[in-house]
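A.B. asks: Chain by chain, the residues:
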Amino acid sequence: MKLSLGDRIFDTTNIIVLGMIAIITLYPLYYVFVVSFTDPAEYIQKQGFILFPENWTLASYKYLLSTSAFKNATMVSVFLATVGTALSLVVTAAMAYGLSRKRLQGRRIIMLMILITLLFSPGLIPPYLLVRDLGLINSIWSLIIPVLTSGWYVILMKSFFDSIPVELEESAVIDGSTDIGVFFRIVLPLSLPALAAFGLFYAVAYWNTFFHAVLYINDHAKWPLQLVLRNMLIDSSTQAGGSAAAEMMSEQNIPAETLKMAAVVIATLPILCVYPFLQKHFAKGVMLGSVKG
Amino acid sequence: MAAQSEIRLRNGNLVKTAQNSRWKSVLHGLRRDKFLYLLIAPGVLFFLIFKYVPMWGIVIAFQDYSPYMGVMESPWVGFEHFARFFSNQDFFLLFRNTMAISLLNLIFFFPLPIVLSLLLNELRSEVYKKWIQSIVYLPHFLSWVIIAGITFLLLSQSKGIVNQALVSLGYPKYDFLTNENNFWMLLTIQNSWKEAGWGTIIFLAAIAGVDPQLYEAAKMDGASRLRQAWHVTLPAIRSVIVVLFILRLGHIMDVGFEQVFLMMNGAVSNVADVFETYVYRLGIQQGQFSFSTAVGLFKSAVGFILVIGANKLAKKLGEEGVY
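Protein sequences, first through last, are from chains G and V. Here the first sequence is numbered in our numbering, starting from 16 and rising by one per residue. Here the second sequence is numbered in our numbering, starting from 475 and rising by one per residue.
Next up, chain G with everything else stripped away, as it sits in the complex:
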């Protein structure tokens, strides 16, 4: 098909506009990434105007990773993202599978119970008092157990299980398989794309855990990465409370800015690493139960 002049102008403009949107999206991340590797002297000399550093250095990273606060926080976050995600996926999938069995008595009541929690939230204080009364304050489990599963994900996963052809399961039952067997040998293998999508969402949520840590973890040694990051990043001149980075800097020659950027890169890295592998699944995951099912 021959393209008209108008079509070609439209195409070119479109390509350029979308390219610019992509640059606007990526540039802040690129800048942070590049500066974190820039030689401190070069950073000061160029006043931050760096498109591509002349002298690459790992100084900021070496210093950051030599601090116990940063290392501890990374360990906490890795624990949350692995153990938390695994537990959440198991609980969510098991519940969704149980609820997708139509013969299960009481399933409507349980679905209604989940639905109500999606519509009405008791706010901030009652859950806080509950976690406190359970003695979970300052425990890392306070960041996992109160968010173990999500009503949305249970419902979405249930609708995914519903979409698996019944014939497959019936034939397995005729062959003498139990419900548990059907779950593990038929339903779960068929659900790998959904599990990957929800796994990614859970993992990102745990990795990004911030607010619950602000609420429940007072002990700095147990802070997850996002809290340490907040203390480093949010400028002490505009935010009440001191900037940890500024304190760290006093005896070092590394500018606070490059150190902060290195911290951002470290905190972003795990997401960037899993992103390409799971990307093809998550759009499907989002669409599972949204507006048009």
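Straight-line distance between alpha carbons at most 25 Å, and here's what the computed SDA-like set of lysine to any residue pairs gives: (1) G:Lys295 <-> V:Glu600; (2) V:Lys693 <-> G:Thr27; (3) V:Lys525 <-> G:Leu127; (4) V:Lys647 <-> G:Pro55; (5) V:Lys786 <-> G:Ser136; (6) V:Lys647 <-> G:Tyr42; (7) V:Lys508 <-> G:Asp190; (8) V:Lys790 <-> G:Leu127; (9) V:Lys790 <-> G:Met126; (10) V:Lys786 <-> G:Gly166; (11) V:Lys633 <-> G:Thr72; (12) V:Lys498 <-> G:Val197; (13) V:Lys647 <-> G:Tyr45; (14) G:Lys295 <-> G:Ile39; (15) V:Lys633 <-> G:Leu80; (16) V:Lys633 <-> G:Ala56; (17) G:Lys117 <-> V:Lys508; (18) G:Lys77 <-> V:Lys633; (19) V:Lys786 <-> G:Ile170; (20) V:Lys633 <-> G:Ile281; (21) V:Lys789 <-> G:Trp167.
To be clear about the criterion: a stretch of chain G counts as covered by chain V if any three or more of its residues have a C-beta under 8 Å from a C-beta of chain V, and this derived list gives those stretches: (22) 31 to 45; (23) 58 to 70; (24) 109 to 118; (25) 124 to 130.
Don't read these hints as lab results, they were simulated from the structure. All C-beta atoms, glycine included, are put in the ideal place defined by N, C-alpha and C.
Could you slot chain V onto chain G? The hints should help.
C.D. replies: Then chain V, alone, in the frame of chain G:
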């Protein structure tokens, strides 16, 4: 009992039950269901403890709750906390800020994913489209701490690259971060940067469902690409747009705690304080549990009515709605 087992038979697995006697199959079904109950038990327990116990905890909004006396012993005060809140100057400020932030998002952020989807849909190169999509989805996965941090690094008055650039171009520095005048817009821009790409997923799916024959027909009539987007694509996804807009209205009281909490500072607290940050400050930091629970309950109740109303409206417009 007999009636029950018959219902069970109709709903149950016919292949199995036909082979066994009725009672045996009922017992068999019960035994098998035990496994299912075991599977859903952790989830059910979770919802009971972490979603329903706090709902009961709401009663402290009507008490003068004291941690030493607990929910059972604390004295009842009725609607005193609510009355205090509504007669307070804070109420007006919180309401204004919440509405302003939500409405700015509705006006400036909401259309972005739609425009972006229309543009993406018109790309001829699948490879280029995939690349752009991968890039614009990415910020959704970054935490608000990282996004607020990057904002501070770029915009800070002393070291931020944007202000450095302004100075070297001969302009004065601008205080992006501690300025009441641009705080709401700053939040809107951040939100757009983070979520606009992610928001395209649902619109692109809707666009994918448009009948290709409509485009053929439009082409026959001599419609340019721009006109096809305007007269075919946009009307075809109109119902999705309307439904999402209505549902967004239902969440107008929710502005997102973390973003505001992180971007807030002393200089902008007048325009930044929203219900969630207020509840945090008075409840968690100052220990006024009952009063802040009352504030939270007010917000939840209004939110509940809005969401139910929005969903009803969406259904009335011939869509499935969500709940």
